[in-house]
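Asks: Listed below, chain by chain, are the residues.
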Amino acid sequence: MIRSKSIYFFLALILLQQACKDKYVSPYASPTTGYLVVEGYICGNDSTSFHLTRTVKLPGDDNPPAVTGANLEIEGSDNTVYPLTEKGTGYYGASTLPLVASKQYRLHIRTPDGLEYQSAYVTYRPTPAIDSISWKENPDNTIQISASTHDPADTTRYYFWEYGETWEYHAGEQSYEVYDPSTKMVYPRADSNQIYRCWHYDSSTAILLYSTAKLSKDVVDQFPLVTLPANSAETSVEYSIHVRQYALSKDGYNYMVLMQKNTESLGSIFDAQPSALTGNITCISNTSVPVIGWVSAGTMQQQRIFINRTQVISYYTNVCPIADTTFGKSTANYVKFFEQEALVPIEDGVAGITANTSGCVDCTTQGGITQKPSYWP
Amino acid sequence: MIISPLNRPGMTSTSCFRIFLCISLLLSANSVFSQKDKVSIDVKNARPADILKAIDQQVDYRLFYDTAELDTARMDISASQQPLFEFLDHLFQGTELTWSVDRQRHVFIVKGESIVTDMPAGPAGKKNTTYGSGSSDSLRDYLNEVAKAPAATLENRLYVIGQKQTGNPQGMVTVAGYARDAKTGEPIPGASIYVENPRIGVYSDQYGYFSISLPRGRHTLNIQSVGMKDTKRQLLVYSEGKINIDLYTQVATLKKVFVSAEKASNIKRTDMGVQKLDIKTIKQVPVVFGEADILRVITTLPGVKTVGEASTGLNVRGGAPDQNLILFNDATIYNSAHFFGLFSAFNPEVVKDVELYKSSIPARFGGRLSSVLDITSREGNKKEWTGSAGIGLLTSRFNVEGPLVKDKTSIILGARTTYADWLLNELPAQYKNSKASFYDANLIVSHEINKKNSLYLTAYISQDHFNLNNDTTYGYGNKNISLKWKHIYSNKLNSVFTGGYDHYNYNIYSTDNPLTAYRLRFDIAQAYFRTQFNYYLSASHTLEFGASSLRYKLHPGSYDPHGTESLIVADTVPAEQALESAAYLSDHYTVNSSLSLDGGIRYSMYSYLGPGTVNKYAPGLPVITDNLLNTTNYKSGAFIKTNGGPEFRVSARYLLTDDLSLKAGYNTQRQYIHSLSNTTAMAPTDIWKLSDPNIKPQYGDQVSLGLYRNFKNNTIETSVEVYYKRIEHYLDYKSGAELIMNHHIETDVLETKGKAYGVELLIKKQTGKINGWFSYTWSRTMLRQDDPNAGELINGGKYYPANYDIPHSATLVGNYRFTHRVSVSLNATYATGRPITLPIGLYYYAGSYRTLYSDRNAYRIPYYFRTDFSMNVDGNHKVHQKFHGSWTFGVYNITGRRNPYSVYYVSENGQVNGYKLSIFGSAIPFVNYNIKFN
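Residue numbers (this note's numbering), protein chains in the order written: chain Y, 1 to 377; chain F, 1001 to 1934.
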């Protein structure tokens, strides 16, 4: 029996090494493309924003090149025109536009290279309100956050979500002192200069889509948006997610589904081959120039929820991996510990200055900022 | 001749004897060598009958003889503990009496050689003859012995065919009969039956039946078949008659073998692009997990390719996997893969041989463009019950066969199953709930009603279930049944009537979220009836004609709620039905000894039948829902659309010398059913679609030319074939095509034109210590979609490589036999990487960099190279042993190369990463134990 077990184990080991994936770097050089990429939403109940970038070569280590100096307008089927203004590098927007639900709208773009682009007219689609953003802690110590919504008229059918995440986390130890290299002195730390409480921001990177077209009712029941490991920094203090929900047309949904299939759902044995994407924007000055993106219009629905660490069974606490160092107050020590070893002072005590590494004391080293967001409780 | 068992003193001793026999067999198979076989006797002035009576009671053999034949002269004889056979030789010295013994220890004593008054010419009453007079060594290898014993009797005997006639002795008459395996009674197809002068030759058909036209008079009929001992019969032909020929298995000899020219059918046969493999050869080729796999071995042949290890889909001469007609005893197998394609659906224990037609497709076959893979099962042992069982790492199989009625009816029952769940349970947590299993079972019954009528029944069932790391469960299965009736009208005319039913279905269900729990189902069924007539018109013309009709019923999909809570709206794509009929006529014309021609025409008719709804789109505009003009409803049985046309099958062979021939062929094909799949590998969820008013039937034609040359007494066969093929109306897919539950599939597919061309080289050595083959193929397959009205140009309307366009591929299959019991096999495969669509750039959208795709199949994945090794060790070859075990050990992918199956890019956490997926990432050892019993 023992022997047969070990044989099975051996065989399992062999097979575990099977179906395997290795990193692949294409030996083919990618051609220069530089096609226009248009992402945004014509919004009737909030600000409208479009982001113009260009396609790049692989591997795409840098930020996408933004298209600046372009001229963007929203054109209505009732001949209304709403210009957008450049709000940042490659971002163009306008505050809430007086759009009319019965009309159709399109986006018109003139890029600085003289090309003119135009989207198809799209129907203005109201989005039903988000019923709830709910979450549950799974037995495998993950937190799953889901969106639920429904359309009593059973007409929306195609949904798209985006989210932004914010979480507060704390450094391993709180620093009450600050070292000033110019004076080579340690001073009490001002509240405005605190490095203990940080807020980390992130946003959705996956395409979140769902269709109720095959259901008898237009009901989305707990569509999973994000899964967090429960004992991670995200829920160590307080976590917040802000979900934006959009209704899509069937074609817009199909475009996003194909984008998802091409870019996220590959890697199984029975994959569909990736294929070319054709959106609803065309280059009207040269129709053979490809354009990426789909323009939709309508209303946007949003909801924010918070998850406090007290609500989570298995939460995470940031602790310093190494013990504090205490040394006497002297300029030589300050130079040695704060400048050469880059420690951060914690306390000015009787025994001297207590310090620890910046990774432990300074929460900004873990990707967050110390500015408390306005919506934070 | 009357053979009466020796009178025994009452029944009791006979039963005792039998009981003893059974017990001795149960106790030990080897105990046969310690049987009582010594005689002690001391008599004077005794009659031979009395002597035999006396010794019969001393040994464990039963003696059979005709007292009338025995010498009445009295004799003196004495022996003390003399072996029986030695004693018999001594006893019959100087007389005409001979003896022989069979495996049941029956000793037959007859006068002279056994006299056969009627056909069949097999050694009647001497079947399974093991030892005979003149064999001094009583423990010789059975197989070596059988061939010897009848050699003297049958090959030199003169068989008189028909009645002596006083009239004109001129003219031709036909002689017909069956070629069969002497040991099992199974038919031998493809045996060459010929006379030297004048040169007339035929091949036996798949039932072992042959019919040869001979001039009246004396002939030496030669019979040869690969793997069987050559034999001949002396005939004196007066009028039409029959002769059945029993052939003996050729014991694999390790010495040099001469292959006579006739056996070299590759040179002589008219058809080209045909490859036949018997199961023995297939079993030698090492495959993953050690389970002999018919389809994998087929991929080692020139012109046959596959897109990857997790696919048993074959690409024959640039054809798509759905362009192959896979027949198992006339039943169409729609899904020939088990277990994600790692196994093929055919149980090697019931398969006799596999024939692949990739160029000269006989006119009796039709309905697919690329090839016909004709898998023939064994017929089952008609003489005795035998069986086999095998145990592998993932599968087990069991097979039993034998006569229901001796020499008349045989049955084979074979089954396989898998027990791979243990393996999946050992996988990491995310695969923990995975399950995968399959089984298949075959039942084959063949029954000879009388000399003119035979029936063959085949039933096949297979089922797969799997569920991988999610809550969606997949299942699919084949069910097939066919009944064939072979009737012989005369030596010149015979027919085969076949009727059957094929069914394939799959279903997918998910119960993950009760609100969206669903079940998705697809199935296809076909009922068919075929007739085939063979008419041996004359020595130079053999006609084959027939008709067939096939009715399809296809349920393209139904999507239903699963459970009461489910909000899923039931949706059913309406059933489709069609009728495909064909009539054909072909003639094999032997012009002279060098030139022979095969000409065939097949006319196929296809009707798409109601009830149904047909969408009509505006002509000249892309087929999209926006351009839908109207829909028409048709009543049940209405002929909605009828297509059809002739198909030509022509080939010619010219013999340049005895071992060099040139062949040419042209054939056209029509295909009315399409598989819809936008995945690279054949997926279990692929569905089939019948041609309808919006989807045209596929049409293809092929011209090919081949040169065949044999070396070293025909032990080495070589061939070079070139081909050029055109394909029309082959379906490719629009970007983002939705194939499942699509009510208007015509809006998601594109018709393409294709062309395929290539050169195939094969070097094959079938016999000897070293045997095997090497194949090399250079080929291209290009598709083109240049109709701007179709809605989407693929790659700008230029030719683009098909998913399975693999220019270079080479395979070496080698086998070396150290001894009769130990052999090693090596298999090496190289192939160019298949085409793939790689990203040409990246764009940033929805929070992440994403890949930008443009032209289809513009790049290739890295090349494929794999070497496998296996070693077969048979147990001993003792004939009387009840159980024969054999082991297969081996290593698949011995170099451990991570052969790419696919290359893909995926956006993960905002970044784009490229991966190369391999199905097998290391060398995989395997072991299999097989046991045969009788």
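Derived from the structure by calculation, the hints contain no laboratory data.
Quantities reported herein were computed from a predicted structural model and do not represent experimental measurements.
Hints may be right or wrong, so weigh each one.
As the list claims (entries may be wrong) - When the alpha-carbon atoms are kept at most 30 Å apart in a straight line, the in silico DSS-like pairs for lysine-lysine are as follows:
#1 Y:214 x F:1616
#2 F:1435 x F:1276
#3 F:1276 x Y:21
Unchecked claim - To give a feel for the contact side, a few chain Y residues facing chain F, derived at Cβ under 7 Å:
#4 30
#5 55
#6 68
#7 69
#8 217
#9 319
Said to hold, decoys possible - To list a few chain F residues with every Cβ distance to chain Y over 10 Å, as calculated:
#10 1447
#11 1568
#12 1571
In this text, a Cβ means the ideal position worked out from N, Cα and C, and glycines have one as well.
Asks: All the hints need checking, so say for each whether the structure fits it.
Replies: Verification of the hints:
{"no.": "1", "hint": "Y:214 x F:1616", "result": "25 Å, holds"}
{"no.": "2", "hint": "F:1435 x F:1276", "result": "36 Å, violated"}
{"no.": "3", "hint": "F:1276 x Y:21", "result": "37 Å, violated"}
{"no.": "4", "hint": "30", "result": "5 Å, holds"}
{"no.": "5", "hint": "55", "result": "4 Å, holds"}
{"no.": "6", "hint": "68", "result": "15 Å, violated"}
{"no.": "7", "hint": "69", "result": "19 Å, violated"}
{"no.": "8", "hint": "217", "result": "5 Å, holds"}
{"no.": "9", "hint": "319", "result": "26 Å, violated"}
{"no.": "10", "hint": "1447", "result": "43 Å, holds"}
{"no.": "11", "hint": "1568", "result": "6 Å, violated"}
{"no.": "12", "hint": "1571", "result": "7 Å, violated"}
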